[in-house]
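Enquirer: Dock chain B against chain A, hints included.
Just so you know, the sequences run in chain order A and B. So that you can map any letter, position 63 of the first sequence is 63 in the working numbering, and since no number is skipped, the others follow by simple counting. So that you can map any letter, position 278 of the second sequence is 278 in the working numbering, and since no number is skipped, the others follow by simple counting.
Check before you lean on any hint, since a few could be wrong.
[Unchecked claim] Examples of chain B residues toward chain A, derived with CB under 7 Å:
1. Gly292
2. Pro310
3. Ser311
[Unchecked claim] Computed footprint of chain A on chain B, listed as stretches where at least three residues anywhere in the stretch have a Cβ under 8 Å from a Cβ of chain A:
4. 121-128
5. 293-305
No lab work stands behind these hints: they were computed from the structure. All C-beta atoms, glycine included, are put in the ideal place defined by N, C-alpha and C.
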Amino acid sequence: MVKSKSAYSVPGKIGKIERHIIVVWVDNEAGVLARIAGLFSGRGYNIESLAVAEVDKKKHISRITIVTEGTPQVIEQINLQLKKLVPVHKVADFKRGEKDILFRELALFKMLANAKKQEKIKKICKKFNPVILDKTNKSFVIQVTALRAEIDKLAIDLKRLGLISTSRTGAVAMTKGPKVFN
Amino acid sequence: MPKLFTGAEIVFKALEDQKVDYIFGYPGGAVLPIYDELKNHKSIKHILARHEQGAGHAAEGYARSSGKPGILLVTSGPGATNAVTALTDAYMDSVPLVCISGQVPTHLIGTDAFQECDTTGITRPCTKHNWLVKDVNDLARVLHLAFEVATTGRPGPVLVDIPKDIQFKKGKYSFSKSTLKKKLNGRATHKISNNELDKFIDLLKKSSKPIFYTGGGVINSGPQASEYLRELVSLTGFPITSTLQGLGAYPGDDPQFLGMLGMHGTFEANNAMHDCDLMINIGARFDDRITGKVDEFSPESKKIHVDIDPSSIGKNIKVDLAIVSDVSKFLKSLIKRFKEKNKNFLSSNKQKTSKWWSTIEKWREKKSLNFINSNKIIKPQHAVQRLYELTKDKDTFVTTEVGQHQMWAAQHYKFNKPNRWMTSGGLGTMGYGLPAAIGVQIANPGKLVVDIAGEASVLMTMQEMSTAVQYKLPIKIFILNNEYMGMVRQWQELLHEKNYSESYTAALPDFVKLAESYGCVGIRAKTPDELDEKIKEMVNIDRPVIFDCLVDKAENCFPMIPSGKPHNQMILGPEEEEEISDEGKILV
Numbered sequence: 001m002v003k004s005k006s007a008y009s010v011p012g013k014i015g016k017i018e019r020h021i022i023v024v025w026v027d028n029e030a031g032v033l034a035r036i037a038g039l040f041s042g043r044g045y046n047i048e049s050l051a052v053a054e055v056d057k058k059k060h061i062s063r064i065t066i067v068t069e070g071t072p073q074v075i076e077q078i079n080l081q082l083k084k085l086v087p088v089h090k091v092a093d094f095k096r097g098e099k100d101i102l103f104r105e106l107a108l109f110k111m112l113a114n115a116k117k118q119e120k121i122k123k124i125c126k127k128f129n130p131v132i133l134d135k136t137n138k139s140f141v142i143q144v145t146a147l148r149a150e151i152d153k154l155a156i157d158l159k160r161l162g163l164i165s166t167s168r169t170g171a172v173a174m175t176k177g178p179k180v181f182n
Numbered sequence: 001m002p003k004l005f006t007g008a009e010i011v012f013k014a015l016e017d018q019k020v021d022y023i024f025g026y027p028g029g030a031v032l033p034i035y036d037e038l039k040n041h042k043s044i045k046h047i048l049a050r051h052e053q054g055a056g057h058a059a060e061g062y063a064r065s066s067g068k069p070g071i072l073l074v075t076s077g078p079g080a081t082n083a084v085t086a087l088t089d090a091y092m093d094s095v096p097l098v099c100i101s102g103q104v105p106t107h108l109i110g111t112d113a114f115q116e117c118d119t120t121g122i123t124r125p126c127t128k129h130n131w132l133v134k135d136v137n138d139l140a141r142v143l144h145l146a147f148e149v150a151t152t153g154r155p156g157p158v159l160v161d162i163p164k165d166i167q168f169k170k171g172k173y174s175f176s177k178s179t180l181k182k183k184l185n186g187r188a189t190h191k192i193s194n195n196e197l198d199k200f201i202d203l204l205k206k207s208s209k210p211i212f213y214t215g216g217g218v219i220n221s222g223p224q225a226s227e228y229l230r231e232l233v234s235l236t237g238f239p240i241t242s243t244l245q246g247l248g249a250y251p252g253d254d255p256q257f258l259g260m261l262g263m264h265g266t267f268e269a270n271n272a273m274h275d276c277d278l279m280i281n282i283g284a285r286f287d288d289r290i291t292g293k294v295d296e297f298s299p300e301s302k303k304i305h306v307d308i309d310p311s312s313i314g315k316n317i318k319v320d321l322a323i324v325s326d327v328s329k330f331l332k333s334l335i336k337r338f339k340e341k342n343k344n345f346l347s348s349n350k351q352k353t354s355k356w357w358s359t360i361e362k363w364r365e366k367k368s369l370n371f372i373n374s375n376k377i378i379k380p381q382h383a384v385q386r387l388y389e390l391t392k393d394k395d396t397f398v399t400t401e402v403g404q405h406q407m408w409a410a411q412h413y414k415f416n417k418p419n420r421w422m423t424s425g426g427l428g429t430m431g432y433g434l435p436a437a438i439g440v441q442i443a444n445p446g447k448l449v450v451d452i453a454g455e456a457s458v459l460m461t462m463q464e465m466s467t468a469v470q471y472k473l474p475i476k477i478f479i480l481n482n483e484y485m486g487m488v489r490q491w492q493e494l495l496h497e498k499n500y501s502e503s504y505t506a507a508l509p510d511f512v513k514l515a516e517s518y519g520c521v522g523i524r525a526k527t528p529d530e531l532d533e534k535i536k537e538m539v540n541i542d543r544p545v546i547f548d549c550l551v552d553k554a555e556n557c558f559p560m561i562p563s564g565k566p567h568n569q570m571i572l573g574p575e576e577e578e579e580i581s582d583e584g585k586i587l588v
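Isolated chain A (complex conformation) (with noise of 0.2 Å):
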């Protein structure tokens, strides 16, 4: 056996890496983004997106959503640490595919297009609420909602018809039905 040089002992075993989406409620005051950042950057988790703002004026009270990714040990500690921080008020995990969660991501395109392209730019979209956001006879905005995957392979697609800049939002969820999360 080769003699470790390390104080510290060798990583064990790697788990499955499962895709979650985290939401937190949180009080809207001064460095609570640095918090939850810093934890997710101190402990060595994945922040793949971050959406926040803040959904309730009176409380103040700030929703985030985080997609990360890790093993199943990683996402309950993930849940966990984030619960010991004082301003969060609650923590809802959900797993990438879960049958009754809705995920949502907006992206604004501008293209550089005549009018005849921008028809074909349209039908492309058609599926993802396309929204004209601002028209020129060379160039238009257009914004669309949809899934991550969807949005990525939207993007490529629009590449080769005068994709020139894009903005994106982190996914944001929320459950199907009457029910809220508590």
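Expert: For chain B alone, kept in the frame of chain A given last:
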């Protein structure tokens, strides 16, 4: 119109309402208004350290030996950054600290002002929570919340950063208890169900190779928790081992106690952990110094984990029964339930665990803490043993630095009470023990307080001897002086082909003269013959003492689990290489 107070007055009113009697600190420009107010509050005494790190460790020593939170007062910029090591140390070892730091006035924040730093930014990862107070009317609420966060759930440090203008401004003061409505640390208020208790008891009854594995959580839960633990261990007749931080919760000289476990734990404790069929973890966190290689950690056992911090459960090791609770509360209900239903458990279960006990006795016969003593040169283990024998009849408090001496202290000094052993386990901070001893002595006047130290560690915070002399604190600094950073040297010998890269300290000070220059007493012991006399001399001096104990320079700390190995593959000592007769060994 309610009476208005300045920010500085609010700070002291809050401290008074929280029944604070000592503050450890160091003044500076951005906290001067608070220091100015100190004179008006006679019930609160300030201990002036020589460095903010020293003040922080002293506050830790105070907290750990008294069970009350330690209070730290520092200035902005370097004052705050110097406190970071102590805050991180307290965070890792779950010590309740409330650090109040000065900050540049609010209008200068963000301008790179003199002695400005982003204190809340820097301390965010090493505190349970921190606050920058920008409105004087928030100050009282924040301060009381700070005490609550520091002392509830899994304890830890918090920091309140107060800009200088807020210290001058006038605002309202009020004290309402329990401002924190949310549950701390997840389920701190969680009620223990009979179902959980019965599952626990069922596992106890089914086991034929059980072991209790207890940690600092028992100490943190208060002295009552140690009482309950002793009761449960004696009710079951099961063996018990403890982590470094848990020492003292169970009597170190009791036959059911297998000694400390982990990297430098005893052969019997580690083998019992590896081979057991039931592991009962109470208030310990499966730290990597304990588990060794995680994949091969105690492969055949069912595991129970009782912890107040839900994120400690399942972090490193999967367990079969998880119980989120304060140790004391849980053990109280468990013992009650257990007694109701299992009247003669001890005698009826004796047969079931007898084979297990005889296996343990066989491991014990290895006498893994043995070392080869000498009559020419002081062996460091021998020095700790003599110190123990000559101080065990007093209610002695021991702190340590970090390294070989720390492990020898843990192995050879037996603790019978909780809160008597203060050591930096999680962060492993060299320089912890001397200032911690100051805090311990403040909290326990008249008691014997010994810092078992190494010469390299103690030099990191040696300036605090001046603090000890100023406040007439008769702490004893017992230095096992081998002129090496012993643990570094040991790893280099065993794993880096004896390349002793930078681990030898040439030009050490003369510790006896150093003691004299600080105004305390210096004693040196060079040979085993004079050791006892010198220790007695040290104990009898009612002043601070630096004891320079010259020990074998090449001694290694055994037993040892090499990195990446499971518990049943320990190195027992140099005798593994060359057989030495039993007469040559000293029995422990």
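Enquirer: If a hint holds in the structure, say so; if it doesn't, say that too.
Expert: Here is how each hint holds up against the structure:
no., hint, verdict
1, Gly292, "holds, 6 Å"
2, Pro310, "holds, 5 Å"
3, Ser311, "holds, 4 Å"
4, 121-128, "holds (count 4)"
5, 293-305, "holds (count 3)"
Of the numbered hints stated above, none is contradicted by the structure.
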